[in-house]
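**Q** As a plain string of letters, each chain reads:
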Amino acid sequence: MAENVTFHFDVDGENFTSAGEASVLVKKKLRQLGLSPEVIRRVSIAMYEGEINMVIHADGGTADVTVTDDEVIIVLADRGPGIPDISLAMQEGYSTARDNIRALGFGAGMGLPNMKKYTDSMEIETELGVGTTITMKVSCKDA
Amino acid sequence: MKTETVLREIGAKELSGGAAEEFDGVYAGDLLSRAMSHVGEGNLWITIMSNVNVVAVASLTEAAAVVLAEDVTMTEDVLEAAREKGVAVYTTGLTVYEICAVIHSLSEKAL
Numbered sequence: 003m004a005e006n007v008t009f010h011f012d013v014d015g016e017n018f019t020s021a022g023e024a025s026v027l028v029k030k031k032l033r034q035l036g037l038s039p040e041v042i043r044r045v046s047i048a049m050y051e052g053e054i055n056m057v058i059h060a061d062g063g064t065a066d067v068t069v070t071d072d073e074v075i076i077v078l079a080d081r082g083p084g085i086p087d088i089s090l091a092m093q094e095g096y097s098t099a100r101d102n103i104r105a106l107g108f109g110a111g112m113g114l115p116n117m118k119k120y121t122d123s124m125e126i127e128t129e130l131g132v133g134t135t136i137t138m139k140v141s142c143k144d145a
Numbered sequence: 033m034k035t036e037t038v039l040r041e042i043g044a045k046e047l048s049g050g051a052a053e054e055f056d057g058v059y060a061g062d063l064l065s066r067a068m069s070h071v072g073e074g075n076l077w078i079t080i081m082s083n084v085n086v087v088a089v090a091s092l093t094e095a096a097a098v099v100l101a102e103d104v105t106m107t108e109d110v111l112e113a114a115r116e117k118g119v120a121v122y123t124t125g126l127t128v129y130e131i132c133a134v135i136h137s138l139s140e141k142a143l
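Protein sequence lines, in the order shown, are assigned to chains A and B.
Add 2 to the 1-based position in the first sequence for the working numbering, that's all there is to it.
Add 32 to the 1-based position in the second sequence for the working numbering, that's all there is to it.
If we strip away everything but chain B, and leave its shape as in the complex, we get (with noise of 0.2 Å):
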């Protein structure tokens, strides 16, 4: 799915870019061993985390991009970390329930 599609129907913010054009897969949640495990090369990571762990979680796993819920934002030090390591950070005013919903519509919609 493309991932510039989910983030506009998301009203998600760009907080570092370079998010991959495409994604394939979602993994929701704020623990960092269990997303370290789980979330895929090419995944949307939704949390609410934000602090500079989430950056490394995310270069590790090769997620296409972290979306923070709940208009979570990152202080520019953790942002300065993201952008060096290439992590694409949004921020959006939803819920993580209301993102997954959002997502899972639009990939009924696809099918």
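Chain A with its partners taken away, still in its complex shape (with noise of 0.2 Å):
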């Protein structure tokens, strides 16, 4: 690839109807250049789980991916309230969804420690009534 491949997509809050769509797109064009399966797949999940933490606690915000030679970097950035203890936020099951969030099958608790463990990196930047940006990387060499 002679060129990084970036793309920027607005992701609606609240709308679980189309929560994802940036995702299955992106997904869709990883494929189309080429990346292994075990690298889409890791960058779908991480993706579709910021996604959907975006729709579900900051109203919306902004995804954007990058593609390189060397990996997919992905930069998802909200207005949200922030996260008050990321160690909290981090852990398995540890979850702030509503019940009406839980009702639709969300709210597991397994959003932030899925994108972890999905990517080589994940990096989170917060601040309370500001919002959180979260940059993760995966690598396009299979491990």
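Derived from the structure by calculation, the hints contain no laboratory data.
Quick reminder that beta carbons are idealized off the backbone N, C-alpha and C, glycines included.
Don't take every hint at face value.
To be verified - Pairwise CB distance ranges (calculated): (1) B:104 to A:87: 33 to 43 Å; (2) B:136 to A:86: 38 to 48 Å; (3) A:98 to B:104: 38 to 48 Å.
Assemble the dimeric complex from its two separately framed chains, guided by the hints.
**A** Written as structure tokens, this is what we have:
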């Protein structure tokens, strides 16, 4: 790949009907670019979880995906309430999702843990009342 | 294992067609984040969840088909999304446990 390929998506808040659309589109694009199925799977899972988090907790946000020769970089940015305690939020099973969200099958407290598990690196920048930006990287070389 | 055989044995009704001819694993569960990380490509996913996010997860994981238990169905707009994304969906009156038991017994016979 001579140049980096980038994709930008606006993620609608509280819109569970279109939630996951950006992830599905990215998956399609990565397949067209010829990335390995395992890399595509990891990117899809991490991005879907991030997208859903933005819909549930932050009234939407933006997703920017950059594909370089070496890695896929996903940057998810929102202007939501921020994460008060990141280490607590990273614990499997911990969730602040409301009951109506849980009724849809979300709120298992696996979102952030899955994002970390399926990426090679994940950085969270968050400020209460300002928003959260999560940067995830997935190596294009299969482990 | 042939998808058609299982669908017949559990008395499944097609809601959205196009199931893969064969599947190579099964995941049963309703929490989407769990399903997202455990439904393998070409797996059958058995659940009682029927909202549009099920279609997104099935599409991303490339499940062979979604099997809804306990006669759960999907609304027409969700089925429309399933057809659009090529996600096969079936429903049966059996419980999740009963579906798993049938598949297990079929796989034992196949050995």
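**Q** Hints first: check each against the structure and report whether it holds.
**A** Verification of the supplied hints:
Checked against the given bound of 33 to 43 Å, the beta carbons of residue 104 (chain B) and residue 87 (chain A), roughly 37 Å apart, stay inside it. Between residue 136 (chain B) and residue 86 (chain A), the C-beta spacing of about 45 Å keeps the proposed range 38 to 48 Å intact. Range check, residue 98 (chain A) to residue 104 (chain B): Cβ separation about 28 Å, and the 38 to 48 Å hint is violated.
Comparing the model with each numbered hint stated earlier shows that hint 3 is the single one that does not hold.
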